[in-house]
Amino acid sequence: MTIAVEFTHVSRHYGNIKAVDDVTISVAEGEFFSMLGPSGSGKTTCLRLIAGFEQPTSGSIKIFGFDATNAPPYEREVNTVFQDYALFPHMNVLDNVAYGLIVKGVAKNECISRAERALEQVALADYGKRKPGELSGGQRQRVALARALVNKPRVLLLDEPLGALDLKLREQMQQELKTLHKQLGITFIYVTHDQSEALSMSDRVAVFNNGRIEQVDSPRNLYMRPKTSFVADFVGTSNIISGDLAQQITGSNQSFSIRPEHISIDSEQENTMKVTGQVVDIQYHGANSKIEVKVGKQALSMVLSNTEHTEAQLPKIGQSLVLYWPQSHMVMLEN
Amino acid sequence: MQSVISNPALRLFSNTLYRKNNLFLFLLLTPPLLWFGVVYLGSLFALLWQSFYTFDDFSMAVTNDLTLANYRVLFDSTNLDIILRTLTMAVAVTVACACIGFPIAYYMTRYGSVREKGFFYIAVMLPMWASYIVKTYAWTVILSQEGILYFIFKNLGLTGALESLLQLPIIGGNTLATSQLGRFIVFTYIWLPFMILPIQAALERVPTNLLQASADLGARPAQTFRKILFPLVFPGVVAGSIFTFSLTLGDYIIPQLIGPSGLYIGTMVYTMQGSIGNMPLAAAFTVVPIILIFLYLALAKRAGAFNAL
Amino acid sequence: MRFKSKSQSEKSPIWLKTLAYSGLVFLHFPIVFILINAFVAHDGNSTYFTLKWFSATLARDDVISAVLLSLKVATAATFLALIMGTMAAAALYRRNFFGKEAITTMLILPIALPGIITGIALLSAMSMLNIEPGFWTIVVSHATFCVVMIYNNVVARFRRMPHSLVEASMDLGADGSTTFRRIILPQLATALLAGGLLAFALSFDELIVTIFTAGHEVTLPIWLLNQLARPRDAAITNVVAMMVMLITALPIIAAYYLTRGTETIAGSSK
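Chains as they are written, first to last, in our numbering: chain A, 396 to 730; chain B, 439 to 747; chain C, 5 to 274.
The following block holds chain A by itself, in its conformation from the complex (with noise of 0.2 Å):
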């Protein structure tokens, strides 16, 4: 398996500020990659020392096998989606999407066909000629892609890219790319902060956190199997109990996690681990119910589908109520 993108140590500090502290990544060719973490995180920062914009204050950063550390972009075989698409305003689409090729110096009409080739492939054949400005959000993310693509780079960098494209449009396109990205077979590495975005596309992901990675995992492993309280909180909605309440409900203090979805009311025969509390708030979620009940000094959430129980049929506010959870379902977090 070759390595694509490798981070050696990486750190980038302006200052005081460490934005990239101590970073260590492998990404593998063909990989579909997602950094996720809320902003400030780093995420964006380490994509764009990859991209060449920013360079490390120390460590090394290698792009298949190659010492990119001190190299600019344009000398970098990476290409990049931007969040703002930064699409050239005073150029037509197609000049946008062959401008990496006429710039390396590729004939004109090779440079036009290839182009033409790229705006099919994102479905955009007839809007050629058009500006920038005269398309919209969407499609304006695709000549972004289809400019980045034309060049066939090795590793395609994305950065936020549909962060401004409403729901409907963003699932759709959320679908494209992971197509796009079987299609083509080259190295995705993908910014977030939307942890379903990343969950539903991704191999793998990295959960960032203040300059630091907490946890490089598959999607499943990363929602069933959290490593620290921040990935337990931050992928998904979690429960974390610690404290005294920890204490008192596994004998330790150490903290734990467990999704609201695996809370039940039952208590069945696997469902070994039980606490009281007091319903404080019920809310209406369409296809379930979430419902919080306060034990102790804290507050659990679960969730109970409305298909198996009528409005009559839920708990009421203020009234007590029994929770029961399988202890194989805990996670046991680190922080």
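It is worth saying that the hints were derived from the structure and are not from the lab.
Wrong hints could be hidden among the right ones.
To be verified - In silico lysine to aspartate or glutamate, DMTMM-like type, Cα no more than 25 Å apart, as pairs:
1. A:Lys547 - C:Glu171
2. B:Lys739 - C:Glu105
3. A:Lys622 - A:Glu511
4. A:Lys711 - A:Asp676
5. A:Lys457 - A:Glu472
6. A:Lys573 - A:Glu511
7. A:Lys526 - C:Glu171
8. A:Lys685 - A:Glu665
9. A:Lys573 - A:Glu555
10. A:Lys711 - A:Glu663
11. C:Lys21 - B:Glu642
12. A:Lys457 - C:Glu171
13. A:Lys689 - A:Asp612
14. A:Lys689 - A:Glu665
15. A:Lys689 - A:Glu663
16. A:Lys413 - C:Glu171
17. A:Lys524 - A:Glu472
18. C:Lys21 - B:Glu554
19. A:Lys547 - A:Asp479
20. C:Lys104 - A:Glu449
21. A:Lys503 - C:Glu171
22. A:Lys573 - A:Asp612
23. A:Lys503 - A:Asp462
24. A:Lys457 - A:Asp417
25. A:Lys499 - C:Glu171
26. A:Lys524 - C:Glu171
27. C:Lys56 - B:Glu584
What the hints assert, rightly or not - Per label pair, the in silico range of CB-to-CB distance:
28. B:Thr454 - A:Arg607: 29 to 35 Å
29. C:Thr108 - B:Thr454: 23 to 29 Å
30. C:Ile135 - B:Ala507: 53 to 59 Å
31. A:Tyr409 - B:Pro645: 31 to 37 Å
32. A:Ala520 - B:Thr468: 45 to 51 Å
33. C:Arg163 - B:Glu642: 18 to 24 Å
34. B:Leu522 - C:Trp19: 33 to 39 Å
35. C:Thr54 - A:Lys524: 52 to 58 Å
36. A:Gly500 - B:Glu642: 30 to 36 Å
37. B:Arg510 - C:Thr54: 58 to 64 Å
38. A:Asn465 - C:Arg98: 17 to 23 Å
39. C:Arg163 - A:Glu571: 48 to 54 Å
All of these numbers come straight from a predicted model, not from anything done at the bench.
For glycine and all other residues, C-beta sits at the position ideal for the given N, C-alpha and C.
Using the hints provided, position chains B and C relative to the given structure of chain A.
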């Protein structure tokens, strides 16, 4: 991934500049800084240095002996008169420009339709950029005794009124063109656009919903103007006044062409360095407007004018 | 006058409207006066419309050479100001470093301080260095305050240009010089043009500092100044005055429309 267009030497240069961003910045800044530092600041410094030289009244020559005599002379009564005269005119012109310019800017911003706004903007900008000397020349013709103003006054039978106006002590003179009033009118005219545009910019920045809130809370239009609009626009007025004040303070052409004899700071400097050749005194005199303007700028900054520029 | 919001009431108080338009009349009547006089001649008691002053003016060698000199000076000064103003703008538009405010203040000084100070300062520097006043001293003095015109326009344009455009260009394989040529320069084009036009007009028109740095050279404004002592040539002077106004008015209007347009054009791709 190599680009075949750039040649290797240029590419190496490009790469180095990309990495050493500060070096690139430094290279970019050096020519303009050199120019300004050497040409402009250097000559300013040379001028100020000259103000410490001695001017021998008998031989009419400048010697390198350093002295503070030139600055002491500034406090002589004649020279103080000059400074006071110029200062008074500068203040008067500023007030007049503010009074005339404010209604124009106010109407333009608050009541003008989109087309009217564009029209007013160009209508104010064009005279601003029209040649200073052309405008001054026009006024010498207009104010002259064969000129159009006298003509109008004669035909309206107001010659008597004009004569008595010219008899008034401070602003009068022999003719319109040689009266302080005439000089005052020309100054006001020439600097008026410089006052209008900052006021207009400041008015544009006042959100309409502030005025609506004031009305909603029960304030009558005059109160809203006095308590809300004017305080917010005042920095713009001060910003405009910076121009009218400093431009009047240093002008040496209009006082020579229009108005009674009596030196202004500008004409004093001009005469001193010209025929008389007393560069040291001229240099010392230029320090006066510099200091006055810096003082005015400091006051203006306190009033928030810099945000209105 | 009931105070209504602007959207409800387009009616302004009459006295305000009158004041505003009277102010405009005040601003323009001397200019109109000149324009009219350029086309008018007196013959005893009658006045008539004529174009003869124009041909008379064009026949005057001193006028022609003054016009040519002003044009040459303005072109050279604008060119120098374009280079230096753009360099300064490129260096200063993004970063905040120590001394940046001092540098921007210094760039504004030539326009902020009264012209006579700049004029005399340059003159005394020239005499100290034994430089003869002439064409190039005029150009240098003009370029010094034209830089600000260029700087303001270019900085404003730079600030509206998303930096991601430069990064995208480099990401696609273009190095610094190619990026400048293909991406940055086209973005700046209108700002450079607008700033250049303003600088040209400013230089063409300049008198206060030029008096000191011109020596024996006669630019058009200097020619006009000299004419003020000669009432006989009044008609020619009118025509020249009108010419000066036109030559400066056209670039100003053009620059205005150039900068107006770019505010509404989508500068970024979002």
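The hints, checked one at a time:
1. Using a Cα cut-off of 25 Å, the hinted pair Lys547 (chain A) and Glu171 (chain C) holds, with the two alpha carbons roughly 18 Å apart.
2. At most 25 Å may separate the alpha-carbon atoms for a hinted pair to count; Lys739 (chain B) and Glu105 (chain C) meet this at roughly 15 Å.
3. Only pairs whose Cα atoms come within 25 Å are accepted, and Lys622 (chain A) paired with Glu511 (chain A) is rejected, the gap being roughly 47 Å.
4. Restraint check for Lys711 (chain A) and Asp676 (chain A): the C-alpha separation of about 9 Å stays at or below 25 Å, so the hint holds.
5. With a CA separation close to 11 Å, the supplied pair Lys457 (chain A) and Glu472 (chain A) stays within the 25 Å bound.
6. In summary, the hint linking Lys573 (chain A) to Glu511 (chain A) is supported, as the alpha carbons are separated by about 22 Å, within the 25 Å threshold.
7. Proximity of Lys526 (chain A) to Glu171 (chain C) is assessed by CA-CA distance (about 20 Å); at most 25 Å being required, the pair is judged to hold.
8. Proposed proximity of Lys685 (chain A) and Glu665 (chain A) is supported: the alpha carbons are some 22 Å apart, at most 25 Å.
9. Using a Cα cut-off of 25 Å, the hinted pair Lys573 (chain A) and Glu555 (chain A) holds, with the two alpha carbons roughly 15 Å apart.
10. The hinted pair formed by Lys711 (chain A) and Glu663 (chain A) meets the criterion: a straight-line CA distance of about 22 Å does not exceed 25 Å.
11. Restraint check for Lys21 (chain C) and Glu642 (chain B): satisfied, since their Cα atoms lie roughly 18 Å apart, inside the 25 Å limit.
12. Restraint check: the Cα-Cα separation between Lys457 (chain A) and Glu171 (chain C) comes to about 20 Å, which is no more than 25 Å; the hinted pair holds.
13. At roughly 32 Å between alpha-carbon atoms, Lys689 (chain A) and Asp612 (chain A) are farther apart than 25 Å, so this suggested pair is violated.
14. For a cut-off of 25 Å, the pair hint linking Lys689 (chain A) to Glu665 (chain A) stands: about 23 Å separates their Cα positions.
15. Under the criterion of a C-alpha separation no larger than 25 Å, the hint pairing Lys689 (chain A) with Glu663 (chain A) is consistent with the structure, at around 22 Å.
16. For the given pair, Lys413 (chain A) sits about 23 Å from Glu171 (chain C) by alpha-carbon distance, which is consistent with the 25 Å threshold.
17. Taking the CA atoms of Lys524 (chain A) and Glu472 (chain A), the gap is near 28 Å; set against the 25 Å cutoff, the hint is violated.
18. Restraint check for Lys21 (chain C) and Glu554 (chain B): the C-alpha separation of about 12 Å stays at or below 25 Å, so the hint holds.
19. Proposed proximity of Lys547 (chain A) and Asp479 (chain A) is supported: the alpha carbons are some 21 Å apart, at most 25 Å.
20. With a CA separation close to 23 Å, the supplied pair Lys104 (chain C) and Glu449 (chain A) stays within the 25 Å bound.
21. As the CA atoms of Lys503 (chain A) and Glu171 (chain C) are separated by approximately 23 Å, the hinted pair is consistent with the 25 Å bound.
22. Taken as a hint, the Lys573 (chain A) and Asp612 (chain A) pair is honoured in the structure, with Cα atoms around 18 Å apart against an allowance of 25 Å.
23. A threshold of 25 Å between alpha carbons decides the hint, and for Lys503 (chain A) with Asp462 (chain A) the separation of about 32 Å lies outside it, so the pair is violated.
24. Taking the CA atoms of Lys457 (chain A) and Asp417 (chain A), the gap is about 15 Å. The hint holds against a cut of 25 Å.
25. Only pairs whose Cα atoms come within 25 Å are accepted, and Lys499 (chain A) paired with Glu171 (chain C) is accepted, the gap being roughly 16 Å.
26. Of the supplied pair hints, the one linking Lys524 (chain A) and Glu171 (chain C) holds, its CA atoms being roughly 24 Å apart against a limit of 25 Å.
27. Taken as a hint, the Lys56 (chain C) and Glu584 (chain B) pair is honoured in the structure, with Cα atoms around 23 Å apart against an allowance of 25 Å.
28. Range check, Thr454 (chain B) to Arg607 (chain A): Cβ separation about 32 Å, and the 29 to 35 Å hint holds.
29. A hinted range of 23 to 29 Å holds for the C-beta pair Thr108 (chain C) and Thr454 (chain B), which are about 28 Å apart.
30. Taken as a hint, the range 53 to 59 Å is violated for the pair Ile135 (chain C) and Ala507 (chain B), whose Cβ atoms sit roughly 28 Å apart.
31. Between Tyr409 (chain A) and Pro645 (chain B) the beta carbons are some 36 Å apart, a value that agrees with the proposed interval 31 to 37 Å.
32. A C-beta distance of roughly 50 Å is found between Ala520 (chain A) and Thr468 (chain B), which places it inside the suggested range of 45 to 51 Å.
33. Evaluation of the 18 to 24 Å hint for Arg163 (chain C) and Glu642 (chain B) yields a pass: the beta carbon distance comes to about 19 Å.
34. The hinted range of 33 to 39 Å is satisfied by Leu522 (chain B) and Trp19 (chain C), whose Cβ atoms lie roughly 36 Å apart.
35. One distance hint, 52 to 58 Å for the beta-carbon pair Thr54 (chain C) and Lys524 (chain A), holds here, with the actual separation near 54 Å.
36. Separation of Gly500 (chain A) from Glu642 (chain B) is about 49 Å and departs from the stated range, judged on CB atoms against 30 to 36 Å.
37. For the hinted restraint 58 to 64 Å between Arg510 (chain B) and Thr54 (chain C), the CB-CB distance of approximately 59 Å keeps it satisfied.
38. Between Asn465 (chain A) and Arg98 (chain C) the CB atoms are about 22 Å apart, so this pair conforms to the stated range of 17 to 23 Å.
39. Taking 48 to 54 Å as the suggested C-beta distance range, the pair Arg163 (chain C) and Glu571 (chain A) does not conform, at roughly 35 Å.
In summary, the structure is inconsistent with hints 3, 13, 17, 23, 30, 36 and 39 from the numbered list given earlier, while agreeing with the others.
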